[in-house]
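*Asks:* As a plain string of letters, each chain reads:
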Amino acid sequence: MAEKLYIEALREGLREEMLRDSSVFLIGEDIGVYGGAFGVTKGLVQEFGEKRVIDTPISETAITGIGVGAALCGMRPVVEIMFSDFTTLAMEQLVNQGAKIRYMFGGKAKVPMVLRTPMGSGTGAAAQHSQSFPAVFAHFPGLKVVMPSTPYDVKGLIKAAIRDDNPVVFFEHKLLYRVKGEVPEGDYVLPLGKADIKRKGNDVTIIAGSIMVIKALEAAKELEKEGIDVEIIDPVTIKPLDMETIVKSVKKTGRVLIVEDDPKSFGWGAEVAAGIVESEAFDYLDAPVKRLAGRDIPIPYNPNLERHAVPQIEDILKGVKQILR
Amino acid sequence: MELTKEKRLWMYKKMYEVRLFEQEVDRLFKANMIWGTCHLSVGEEATAVGSIAAIREDDMITSTHRGHGHCIAKGGKLPLMFAELLGKETGYCKGRGGSMHIADIESGNLGANGIVGGGIPIATGAALASKLKGDNKVTLCFFGDGANNQGVFHESLNMASLWKLPVVYICENNVYGMSLHVGKSTAVANIADRASAYSMPGVIVDGNDVEAVYFAVKEAVERARRGEGPTLIEAKTYRWLGHSKSDANLYRTREEIESWKLKCPIKRYREKLISENIATADELDEIENKVKKEIEEALKFAMESPEPSVADIELDVYA
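Listed in order, the protein sequences are those of chains D and U. With the numbering used here applied, the first sequence has no gaps in its numbers, which climb one by one up to 557 at the end. With the numbering used here applied, the second sequence has no gaps in its numbers, which climb one by one up to 503 at the end.
Misleading hints may appear alongside valid ones.
[Claimed, not checked] Restricting the straight-line Cα-Cα distance to at most 20 Å, the calculated cross-link-like pairs of lysine-lysine (PhoX-like) are: (1) Lys283(D) with Lys189(U); (2) Lys453(D) with Lys553(D); (3) Lys457(D) with Lys550(D); (4) Lys317(U) with Lys283(D); (5) Lys480(D) with Lys412(D); (6) Lys402(U) with Lys189(U); (7) Lys340(D) with Lys474(U); (8) Lys451(U) with Lys197(U); (9) Lys191(U) with Lys261(U); (10) Lys445(U) with Lys283(D); (11) Lys432(D) with Lys457(D); (12) Lys391(D) with Lys457(D); (13) Lys474(U) with Lys191(U); (14) Lys474(U) with Lys342(D); (15) Lys457(D) with Lys480(D).
[Said to hold, decoys possible] Covered, in the sense of this in silico footprint (three residues per stretch, anywhere, with C-beta under 8 Å from a C-beta of chain D), are these stretches of chain U: (16) 257-264; (17) 285-297; (18) 334-342; (19) 364-372; (20) 477-489.
Simulated from the structure, these hints should not be mistaken for lab results. Just so you know, these numbers come straight off a predicted model, no measurement behind them. For glycine and all other residues, C-beta sits at the position ideal for the given N, C-alpha and C.
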């Protein structure tokens, strides 16, 4: 199997869906010749033309609303919002329109659109270009929220998101774009709403999402040297959330560490923790559920402060040891 | 461009339908038979009917929170509309949407909207879809004077003009955005003046003259269908009733309201049709009686329809 960068796998997924289905088109700021702020759509305008890779003015609300309108009329738009922080501008159309249309129209309409957006800190871009907030969107009925962590996942999931008949918010962590991994050639689609066991283990379950999966895997390697056998569950889709896979793992290990990139308060990690406590896994817990998450602060500029705004590998190591103590 | 007798009588009937529907809804509200709130378009019938008379059946519209008239003119069925307002399972949205969310995708009505200006980018997206598909459809985008100060108005018109999308923006300027007079909300004298900022034609039309609206929209629709891009039409009209059912009308005088009632679009059209020998008073009476009967039957259907089941409360959140 070929090794590919996350960004290449993502682009490959977009390209294959555009080849497969003529109703798929891309729309967003600087996604044409520029190739997108992070280069995800590089080359696609040359291949598919300006009708299917549409460069827009800086108008996040209307771009998103145009996606909603086009989706209502049978197209499958993929809207790119340059930084996830800017999705706050798109909130109205995503949350009040896209997410609600099907229900409030009595099930007689559907909105098959994807909103792709890069999230996360670690680039020195400070407070307005660094936030992670998949949990914000997971709170709204009618949206699906995906945050793939590996090249293999991102390709299979972008295809699933495009083929899904609902509005899907698709979070790509900026630091993942350059991560390499195995990606099979050709068409494969991964299901939305299915967690993935990224590493099998018996001593403790780490539930990590997006970039934190990569950090947890690194931590697991270190812990293995000390004889600690970690299981890592990647929820992949946080709405809908696959509690079944999580509960099963917790019943096996009896110990849980949740690691997320979002700010801690009211985050998806809290939802996972509550789900475990509400489930039969509660009786199997040998230690309290522990959460590591971003601090409740806007992301600071200073590199050292920025680094300490979200969990790092050493925090995960420390967290696991605390649980096992 | 001549209007056929058939089309003129259709417009008369539709305006009358809108008027009676709204008055009946007002009555049901006052009798506490309808839940929530709703926004009635009595006095504005000519804008909805004149505009929609100018498009094809397979063309599309987006509507506003004051959307009953648009829905009726686009072919909305009165029984299903009443049923929706009464929250019944047989309603357009199975009782989940109510007045502000009636949609009928099949007939090209992409929905009323509870967010002022919310439908503007959606209409623009529908027009983009038409352009990408090459289906030669045009979308009419209705909004009020209040919406013309929303950011999406500017964002959407800019993109529609850049890309020459087949969309016609129709501002129903009924003078008040809830209680705020348009003179206190909008820095230009005419909303149509804003079209020049987006390199599109801006057209002002008497919104109480159904044929004037028809001809203005017709020209814009033909332009759009030829691939020459959008038009902004400002139809000047007035709402006779309050913004919604809780409105005490403290911001305008009885005299002002009465002066606009004298410009009733239906009465005016009735007189025109008779004076131009298009129809006799008897023929128009017959149309009115027919509508009265339709309204009665529609309401009966809605009243006798079943309530939605709580067991189905979580259906249709996702496709």
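*Asks:* Just pull the numbers of the violated hints for me, sorted ascending.
*Replies:* When the structure is compared with the hints, numbers 1, 5, 7, 10, 12, 14, 15, 16, 19, 20 turn out to be violated.
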